[in-house]
Amino acid sequence: MTTTTLKLNLGPQHPSTHGVLRLLLELKGEKILSCEPDIGYLHRGMEKMAEKMTYLQYLPTVDRIDYLAGFFYSELLCRIVEKAMEVELPDKVRAIRVMLLELNRIASHLLWVGAFLMDLGAVSPFFYVFREREMILRFFEKLTGQRMMYNYFVFGGVRRDIDFLDGVEEIISILPKKIDDYEKIITENPIFLRRTVGKGILEPEIAFNYAITGVNLRASGVDYDYRNSDDLYRGFDFRTVVLEEKDSWARYKARISEMRECVNIVGQALDYLKRAGVLEQRLINPLNLKLPAGDYYSEIEAPRGLACCYVRSDGGEKPYRLKWRTGSYYSVNLLRKLLVGEYLNDAVAIAGSLDIILPEVDK
Amino acid sequence: MLNEWKNLWLGLWTVFKHLFKKPVTLEYPEKKRVLNGNFRGKPQVSGCIGCGICKKVCPSGAISFAKDENGKVYSYKFDLKKCIFCGNCSFYCPKGAIRMGDEYELACADASELELIYEGGCNDK
Chain A
1 MTTTTLKLNL GPQHPSTHGV LRLLLELKGE KILSCEPDIG YLHRGMEKMA
51 EKMTYLQYLP TVDRIDYLAG FFYSELLCRI VEKAMEVELP DKVRAIRVML
101 LELNRIASHL LWVGAFLMDL GAVSPFFYVF REREMILRFF EKLTGQRMMY
151 NYFVFGGVRR DIDFLDGVEE IISILPKKID DYEKIITENP IFLRRTVGKG
201 ILEPEIAFNY AITGVNLRAS GVDYDYRNSD DLYRGFDFRT VVLEEKDSWA
251 RYKARISEMR ECVNIVGQAL DYLKRAGVLE QRLINPLNLK LPAGDYYSEI
301 EAPRGLACCY VRSDGGEKPY RLKWRTGSYY SVNLLRKLLV GEYLNDAVAI
351 AGSLDIILPE VDK
Chain B
1 MLNEWKNLWL GLWTVFKHLF KKPVTLEYPE KKRVLNGNFR GKPQVSGCIG
51 CGICKKVCPS GAISFAKDEN GKVYSYKFDL KKCIFCGNCS FYCPKGAIRM
101 GDEYELACAD ASELELIYEG GCNDK
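Those sequence lines, one after another, are chains A and B.
According to my numbering, the first sequence is numbered sequentially starting from 1.
According to my numbering, the second sequence is numbered sequentially starting from 1.
I should point out that these hints are in silico values taken from the structure, not numbers from a laboratory.
Keep in mind that this is a model prediction, so the values were computed, not measured.
Keep in mind that the hints are not guaranteed to be accurate.
[Said to hold, decoys possible] Per label pair, the in silico range of CB-to-CB distance:
#1 A:Glu134 / B:Leu2: 47 to 57 Å
#2 B:Leu35 / A:Arg44: 43 to 53 Å
#3 B:Asp68 / A:Met49: 25 to 35 Å
#4 A:Asn333 / B:Asp68: 52 to 62 Å
#5 B:Leu35 / A:Gly341: 22 to 32 Å
#6 B:Glu115 / A:Phe208: 31 to 41 Å
Note that beta-carbon positions come from the ideal geometry of N, C-alpha and C, so glycine has one too.
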């Protein structure tokens, strides 16, 4: 008897591949023998673009690297310039930035919960998470002027002071109850459990080999969170969520728990901002900004793993070379390993659980 | 088994309760949201002195100036087809001449409508 294998294209326009990801699967029956991710459909040349632009011109465009967590990439570029110009951030600026970053992380995780559940066939949570995310986006819009492309962080500080905090108070009072609601619908649901428990097990050794960071790594039992050693988060008290289960369910649970922890951090920043006086910051004049020649590096714990920015400056107004490291890029590569031996109907569920976002992969 | 049914019904009950809540969406375009004054929409220009800082900070090259034969700036052109509404021009304008307005429905049949030309505004240099 001869056995044949089937090659199947999943994507790039498949609704559940979260953007334009193409997975070339080799199947034997329903079982996946190999997986080859094909990326690059959303490549915008973010790194090459930087070489033609001044640092100030480049700053508004970096929000587009990850449109669900734009603040993180603005923060990375600002950090590069602040490090090069040796500027220390005042405490109020730090508190504002931490609050916005954590709200952004919650918004990103919320959308992930909705999209992941949609992959598994549950439609209602998708609408509920959008309702809660809307509260956060309304606040961002009021503060920065836009809902997703913020361009709010500037070199040495922020664009304007926050003089209204009632929106954030509402968010942190409502959100924990809503997360309880999601957990009632999802966490112990037998259908959800059968589709996620024991599926896509990510052993820590494999995660290390594939350079996986962020929630995906922490859901595999590795206690690594860059926020613990990040200077921006100095003085904030929070817990690192680490789970031992290593499967898709653990990655879901870790994100849910991390959202609760983010609410806690936002609460601490809010308490500080209520007491803090007027914003005093020393902005770097960006108009003729030239970074001293040398290499600069910054990193931050983004919602999809460790994000880094590396800049080589030749002393000019524009970067000589700029490189981004984004978490999703490594998660996509992991699919080569994680999908092998699984069934086709679990492929989307496992890929969804890794929280891949394609603009971040293709840059 | 009993536990599974219990959890299933708990989830369904949570979803069911939403049937009796008010809708959170708005029937666009019949109803529109009230924007706060901080929104970054179509830019408005008045009182430009033609210093060119906005052109320098613009990431997408949406701003251009036209000069007469004496080299004097006489018109200011804002190309909304290229604009990414980042607000850099407005933030760094030394005279506060550019204001990001509330207008966001910019679809039009004629592309030339998206080129905002402010003439004469830059002559006082």
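Cross-check of the supplied hints:
Distance hint check for glutamate 134 of chain A and leucine 2 of chain B: the Cβ-Cβ separation is about 38 Å, which falls outside the suggested range of 47 to 57 Å. For the hinted restraint 43 to 53 Å between leucine 35 of chain B and arginine 44 of chain A, the CB-CB distance of approximately 29 Å leaves it violated. Distance hint check for aspartate 68 of chain B and methionine 49 of chain A: the Cβ-Cβ separation is about 34 Å, which falls inside the suggested range of 25 to 35 Å. A hinted range of 52 to 62 Å holds for the C-beta pair asparagine 333 of chain A and aspartate 68 of chain B, which are about 58 Å apart.
A hinted range of 22 to 32 Å is violated for the C-beta pair leucine 35 of chain B and glycine 341 of chain A, which are about 52 Å apart. Checked against the hint of 31 to 41 Å, the C-beta distance between glutamate 115 of chain B and phenylalanine 208 of chain A comes to roughly 54 Å, which is inconsistent with it.
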